[in-house]
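Chains as they are written, first to last, in my numbering: chain W, 1 to 378; chain E, 1 to 378.
No lab work stands behind these hints: they were computed from the structure. Any given hint might turn out to be false.
Heads up, the list lumps identical chains together, so a pair's fine if it works in one copy or across two of them.
[To be verified] Below, computed lysine-lysine pairings styled on DSSO-like, alpha-carbon distance capped at 30 Å: (1) K364 - K285; (2) K28 - K326; (3) K130 - K12; (4) K28 - K333; (5) K364 - K133.
Please read these numbers as outputs of a predicted model, since none were measured by experiment.
Protein chains: 2
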Amino acid sequence: MDTIVRTVDYIKGKVVIIDQTLLPAEEKYVEIGDTAELAAAIRILKVRGAPALGVAAAHGILLELENEILAGQDDPHGYIFDHGDTAAAFDASGLDGAVITAKLLETADMLAATRPTAVNLFWAIERMRKAIKRSGNDISLLAANVSTEAFAIHDGELETDRRIGENGAALLSDGMVVLTHCNAGGLATAGYGTALAVIKTAHEQGNAISVFADETRPLLQGARLTAWEMTRAGIDVTVLCDNAAASLFAAGRIDAVVTGADRIVLNGDSANKIGTLGLAVLCEKYGVPMYIAAPWSTFDLTIENGSGIPIEERDPGEVKSFAGIKTAPDEAKAYNPAFDVTPAELLTAIITETCVIERPDVEKIRTAAREAGVLEPE
Amino acid sequence: MDTIVRTVDYIKGKVVIIDQTLLPAEEKYVEIGDTAELAAAIRILKVRGAPALGVAAAHGILLELENEILAGQDDPHGYIFDHGDTAAAFDASGLDGAVITAKLLETADMLAATRPTAVNLFWAIERMRKAIKRSGNDISLLAANVSTEAFAIHDGELETDRRIGENGAALLSDGMVVLTHCNAGGLATAGYGTALAVIKTAHEQGNAISVFADETRPLLQGARLTAWEMTRAGIDVTVLCDNAAASLFAAGRIDAVVTGADRIVLNGDSANKIGTLGLAVLCEKYGVPMYIAAPWSTFDLTIENGSGIPIEERDPGEVKSFAGIKTAPDEAKAYNPAFDVTPAELLTAIITETCVIERPDVEKIRTAAREAGVLEPE
Numbered sequence: 001m002d003t004i005v006r007t008v009d010y011i012k013g014k015v016v017i018i019d020q021t022l023l024p025a026e027e028k029y030v031e032i033g034d035t036a037e038l039a040a041a042i043r044i045l046k047v048r049g050a051p052a053l054g055v056a057a058a059h060g061i062l063l064e065l066e067n068e069i070l071a072g073q074d075d076p077h078g079y080i081f082d083h084g085d086t087a088a089a090f091d092a093s094g095l096d097g098a099v100i101t102a103k104l105l106e107t108a109d110m111l112a113a114t115r116p117t118a119v120n121l122f123w124a125i126e127r128m129r130k131a132i133k134r135s136g137n138d139i140s141l142l143a144a145n146v147s148t149e150a151f152a153i154h155d156g157e158l159e160t161d162r163r164i165g166e167n168g169a170a171l172l173s174d175g176m177v178v179l180t181h182c183n184a185g186g187l188a189t190a191g192y193g194t195a196l197a198v199i200k201t202a203h204e205q206g207n208a209i210s211v212f213a214d215e216t217r218p219l220l221q222g223a224r225l226t227a228w229e230m231t232r233a234g235i236d237v238t239v240l241c242d243n244a245a246a247s248l249f250a251a252g253r254i255d256a257v258v259t260g261a262d263r264i265v266l267n268g269d270s271a272n273k274i275g276t277l278g279l280a281v282l283c284e285k286y287g288v289p290m291y292i293a294a295p296w297s298t299f300d301l302t303i304e305n306g307s308g309i310p311i312e313e314r315d316p317g318e319v320k321s322f323a324g325i326k327t328a329p330d331e332a333k334a335y336n337p338a339f340d341v342t343p344a345e346l347l348t349a350i351i352t353e354t355c356v357i358e359r360p361d362v363e364k365i366r367t368a369a370r371e372a373g374v375l376e377p378e
Numbered sequence: 001m002d003t004i005v006r007t008v009d010y011i012k013g014k015v016v017i018i019d020q021t022l023l024p025a026e027e028k029y030v031e032i033g034d035t036a037e038l039a040a041a042i043r044i045l046k047v048r049g050a051p052a053l054g055v056a057a058a059h060g061i062l063l064e065l066e067n068e069i070l071a072g073q074d075d076p077h078g079y080i081f082d083h084g085d086t087a088a089a090f091d092a093s094g095l096d097g098a099v100i101t102a103k104l105l106e107t108a109d110m111l112a113a114t115r116p117t118a119v120n121l122f123w124a125i126e127r128m129r130k131a132i133k134r135s136g137n138d139i140s141l142l143a144a145n146v147s148t149e150a151f152a153i154h155d156g157e158l159e160t161d162r163r164i165g166e167n168g169a170a171l172l173s174d175g176m177v178v179l180t181h182c183n184a185g186g187l188a189t190a191g192y193g194t195a196l197a198v199i200k201t202a203h204e205q206g207n208a209i210s211v212f213a214d215e216t217r218p219l220l221q222g223a224r225l226t227a228w229e230m231t232r233a234g235i236d237v238t239v240l241c242d243n244a245a246a247s248l249f250a251a252g253r254i255d256a257v258v259t260g261a262d263r264i265v266l267n268g269d270s271a272n273k274i275g276t277l278g279l280a281v282l283c284e285k286y287g288v289p290m291y292i293a294a295p296w297s298t299f300d301l302t303i304e305n306g307s308g309i310p311i312e313e314r315d316p317g318e319v320k321s322f323a324g325i326k327t328a329p330d331e332a333k334a335y336n337p338a339f340d341v342t343p344a345e346l347l348t349a350i351i352t353e354t355c356v357i358e359r360p361d362v363e364k365i366r367t368a369a370r371e372a373g374v375l376e377p378e
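In isolation and in its complexed conformation, chain W is listed as follows (with noise of 0.2 Å):
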């Protein structure tokens, strides 16, 4: 029974990432050696989920990092960087620290080009820029800070998972029925995911814990990647299409709804995988409670309310297709949201890493943002 997912990572000088559209028919993980190819592997969803987006792009910019000083390197060996040592020696005297300086910036704004609504990607790309610019053009300074940065996002989302799962395992108990939406599990994070957390961290304290997977349309992250860590993790797990929810609803059977969140705002309303609004309204229809599960790097306090958040449409051969077979006539159009925003008042609680935000709104969020030190006290 593993619990943890080797969903990104940084090793002996290349992003290596399990590859998420092969799942769950192989469990390949691909080396990638260059920031482009990384930027395309997150455009088509090799590796997904708003916190593992996060990682991805810090150790894309380390990576960009580690390219340039083995380009001005005479005789380059290997690798300079590699995850939990410290850098390889290089001779920086062939490297222009300025020049390096606004490559890494402008593979910063690359990656944030990417994908538009999951936050969590421009939170650990602007903390890359802050190491970057603090190290002012200094080559050894830039190793050192961009690195350490890159490791510390990544080993401070998996510490962040740890929280969250042992938040929120805390609203359920034994013998519990949980449904959730998309892929909010290790795949999404740095390995042991927001609100799959919260169902593993229930079942490794000793609850038995069952788990409905909506399948989630048209990626079907949920089929594919939830019902896989849930089995990888020997935790009973049922796939169901998403127009099935409201039938487990109406027939009682469901006691909890977990899911994680690209994108939450300073009311509380909550951008997550298209989708969720519609569990939130039957949760509030049936009286079932509903939670998000989120790492304060997801959270977005410059945005009043939900309708300033920006949703990706995403290509329409998403829906009219599957797997290169047609599924609907070219004339039809589509509609593809990749997301949809759950309004704040229809959520029982945010569960984050430092606490568990009950009824959220404004004010409960500013106060828990402030006692978790993500703003400034007032």
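For chain W, the structure is supplied; the task is to place chain E on it using the hints.
For chain E alone, kept in the frame of chain W given last:
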């Protein structure tokens, strides 16, 4: 622009269906020459949709009679029965009316066992049983009564579609955006539709109607069939994943929902394709009218409320794979009910061929059924 579909018919001694599993890629008509083959086609949904199942079963019983008569002919010519024509002459001397009657009743039982939820199937079979029994084992009467009843059921359902279309179109107006689920179109009936008849009639009356078609997992009847019917009829159609509907409601983009039904019981509770209940809950939440369009042959007035409706649970493989590609791990279970039950209190109206029953309840349905002549007067 074509609003009528040749869904199922009886032509020159064969049941002819359009193979709905191949749409929209291929428009293929299949000649079915024996009743076992027809039962298989019903089970794998080559022909589906509550009213269409009734018509197919009626034709199936006629097909059995055709084959029994032909088997008893010394020099059988091509066929006995053909839709629209009187029966061809045949030699009854070698035929045993009691044996053939028993065979026809056996066929009726066999076809009734193909699918459990759509009551139109049992309604049509019951009409055919009565036509068989009132022939008193007389071969000539059997030939006349069974063929007359089968074609009457078929023609009656097509006329019914037209009337449902007219009654429902009065509820729509120019510029409306209508969301529908699954396929309650000509492909689900004798050729024109129930929910889609409402849309087609409003369109034919000169109203600009835009349609959002839920793709309707797992078998994508919305994406494959409804979108095909709408584009064929020249009606603007946009396909969406079922879970994306909530975001359209929240954005105020849906003016009405119209679906079909597979069984409506005495208090108005209505079984329809899985996912209909979720739409009804969204309609309630966002103040959008929720209409069900169905003929009286879809009503089962022997059942008090929705808890008495048997719900077909289909193969988990429909959810866990697509076109032979595995989409969920083997160890995961699947929940795959074909239908859910929408309680009457979530329905704005039921549109029938005789009337529109607003805010349906037991008394309104009893009264309307008596006026329609489908329930005895008090």
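Hint check results:
no. : hint        : result
1   : K364 - K285 : both (24 Å within a copy, 26 Å between copies)
2   : K28 - K326  : both (27 Å within a copy, 16 Å between copies)
3   : K130 - K12  : within (24 Å within a copy, 80 Å between copies)
4   : K28 - K333  : between (34 Å within a copy, 24 Å between copies)
5   : K364 - K133 : neither (34 Å within a copy, 73 Å between copies)
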